[in-house]
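J.: For this note's numbering, add 1388 to where a residue sits in the sequence shown, where the first one is 1.
These are calculated hints, taken from the structure and not from any lab test. Being a predicted model, the structure only gives us computed values, none of them experimental. There's no promise every hint is true.
As a list, the in silico DSBU-like pairs of lysine-lysine whose alpha-carbon atoms are at most 30 Å apart [to be verified]:
#1 Lys1784 x Lys1912
#2 Lys1919 x Lys1905
#3 Lys1840 x Lys1825
#4 Lys1982 x Lys1651
Ranges of calculated distance between the beta carbons of each label pair, as one might list FRET restraints [what the hints assert, rightly or not]:
#5 Lys1564 x Glu2110: 16 to 26 Å
#6 Asn1803 x Pro1629: 40 to 50 Å
#7 Gln1853 x Leu2033: 22 to 32 Å
#8 Glu1689 x Ala1881: 10 to 20 Å
#9 Lys1989 x Leu1702: 35 to 45 Å
#10 Leu2033 x Gln1795: 50 to 60 Å
Beta carbons: idealized from backbone N, C-alpha and C, even for Gly.
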Amino acid sequence: MFRVEGGAPLDCAVWKLLHPRFPLESIALFNPFKRRTFLQAVVAVAATTTFGCSDDDTTETSDGSPYFPQSLASGDPRPDSVVLWVRVEDTARAGDDLPLRLEVSTTEDFKVLVLDKKDLTARAENDHAVKVKVTGLSARTTYYYRFSYEKDGQRHTTRVGRTRTAPAAGDDVPVKFVFASCQDFIGRYYNAWQRLLQLDADLDFVVFLGDYVYETTGDTSFQSDGGGRAVRFSAPEEALPQGSGVTAFLAANSLSNYRDLYKNVRTDRQLQAVHERYPFIIVWDDHEFSDDCWQDVATYEDGKRDEGQRSRKLNAEQAFLEYIPLDTVQSGEGAIDVAAEPRFPNSRIYRDFEYGRHLKLLVTDYRSYRPDHLIPEDAYPGGVVLDQTLLGAALKDQPDAVKATFQTDTFAYVNIDDPAYAAQKQVLQGVYVNQAKAAGLTAAEAGEKAVKWVTGPVALYYVNQVLAAVNKGLVIPPGDKPRGLAYAHMGKAALFNIQGSRYVVVKDTFDLFAAVKYQLTAGKSEDVFGKDQEAWFQQTLTTAQNTWKMVVSSTSLSALIWDFRQQADISDPTLRQRFYFSVDQWDGFPTKKKVMLNTLKAQGVKNALFISGDIHASFASVEEGVPTLTAPGITSGSIKSLASLALIGAGYATGAPVYQHAVTEMEQTLMKSNPGLRFADADSHGFVMMEVKADETLATFHLIPAAEVAKDYSKRADSELEAKFTTHTFRVKNSDIQPA
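Whole structure, please, built from the sequences with the hints as guidance.
T.: Here's what the structure looks like:
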């Protein structure tokens, strides 16, 4: 910007219009300053403005602007298109729609523009966030982009972003990408992202597998309150109060709450820098809405009350679609209309990408259509789920030793509605009511649940323990009673609890129950994908001609089993069994998982590979002959630390044998319990880098100890962070995974 002496300021374009024959340099001839002095002055002036002057009226690069507090990002790269994202914030015009300009270039200096879009609008109704689909691009080409906002005659610009389109279909090129998940912000730092930036790898894209944000402000069961990193809602009165006293926290509920999550997380400079450097392909998991959710149902109450929360789910989706650079409807060129993107129950974020000849990437949605966990959190432990007839049919082809196990008194049951057991039923329902009231239910709520659950066939293994505690004379002899399978036999020992429902479930009885229910419901009990996604999944996998078919799943397919059957130092016989650690992941749908993986083999799908996250640990395994890789969390508490809290909370000392096997020696226990596991690290954070080639895929885990997550390495020398990381590389080839 220049000022004619005694007159108004002129920008470069105006000067050229008024003086087409005089280059800017000639101004020095009409000025008492010497030419060199004048040019120095021009540089000084340009340095104080957001935009400089050049022959093609492009802007100078800048270190961003306070009007763009979340910087910018790109996503969903295809051979001819990419989605670009930005959010502008002007507190003086908070309720106004704001004008934006987007420039895209093949050069970092923006000398050659492939797009100069000056008519963008950041709408107040979308929190001034904008997603723009840029089309007509060249395959596997690096592009630079920036947004600008003009106010009071001055333009303010973002940092310069870099993105890359996918190779064209059929191109014989290797592909390199990173996958990662779970970046809890509270009390933790994104050292893993900083390490990726240090590596400066030539990546095609980054896959983020979910839990991009966490919906709570300080859930002490897994979140830290240290390190100076916190999330505070601008409208806390709109949030859901959780816990009480010193353990009280808030969960996002309103649209404002969910937007605050993204705004907080995206202020992190390391995360911003990764977005500025690489395009992302992102899918949600549970924490973008609510922990361990399914469809629009939360699980904070653990079954005490109905947690169907349609409006909350829609708020969560709205914020996700506003802040994440993805295209759910294959939009045309220009700004993507967030209001037109489908929402629950018609959400569709599953999609696929093709990267040349060697990679087809299928991004699946595990949360939107799946049914509830097979064991309800409020299930009555004594409730029988497989009566004598169903259990007998399920055991038909089992070895005699297995059949004999189920004929022991442990599996005896009676129909508690039989008039002969009226006194016992009254006691059992009374105990249920007392336990429910102690858990926080009203007398009316507790009574209603008691009527629902304490009825029909009940397992004597459980109810006799309850009856004996009240009146030993009420205990029912098991000898001549029928045999069946109850929730208690799968590890359910208490009401309204995640143990025995979502976590620490007895594997063998659970698998049996799941298989029978799957058959009785024609697969609906484990219908993870829903009808439309299932059809897309099968069609895409079976028709893909690419060398590698990689499936993105937000939750892990590696079976996480604690096998304590041979642990003589564990004295409690109820613990000397096999347990699934988590049935919120694919272990919770064991029949569907087995059917899905074996169907791929039966259909002749070659080089299928699953990549996943969620569980906050690193795994490489072969499940039903199909390789699967699981990334650790970027920051979220490691599975080992979470298991430690759970066992200590259950009353086990750190020196107890079960603690030693389940926590201290977790990796060894998991490896011994699942012969398909090739690698396990339960106490590190980081990411996985993939190199996809024609004949093999290399997967390198970049890991940092979990104890380092509370330290901010952005203020330290690069060498300090580098020294904390270790790497483990594996070769995926011929349906197997082995150390490289």
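J.: Each of the hints needs a verdict: does it hold here or not?
T.: For each hint, the structure was consulted:
{"no.": "1", "hint": "Lys1784 x Lys1912", "in the structure": "holds (23 Å)"}
{"no.": "2", "hint": "Lys1919 x Lys1905", "in the structure": "holds (19 Å)"}
{"no.": "3", "hint": "Lys1840 x Lys1825", "in the structure": "holds (15 Å)"}
{"no.": "4", "hint": "Lys1982 x Lys1651", "in the structure": "violated (40 Å)"}
{"no.": "5", "hint": "Lys1564 x Glu2110: 16 to 26 Å", "in the structure": "holds (20 Å)"}
{"no.": "6", "hint": "Asn1803 x Pro1629: 40 to 50 Å", "in the structure": "holds (42 Å)"}
{"no.": "7", "hint": "Gln1853 x Leu2033: 22 to 32 Å", "in the structure": "holds (27 Å)"}
{"no.": "8", "hint": "Glu1689 x Ala1881: 10 to 20 Å", "in the structure": "holds (19 Å)"}
{"no.": "9", "hint": "Lys1989 x Leu1702: 35 to 45 Å", "in the structure": "holds (39 Å)"}
{"no.": "10", "hint": "Leu2033 x Gln1795: 50 to 60 Å", "in the structure": "violated (38 Å)"}
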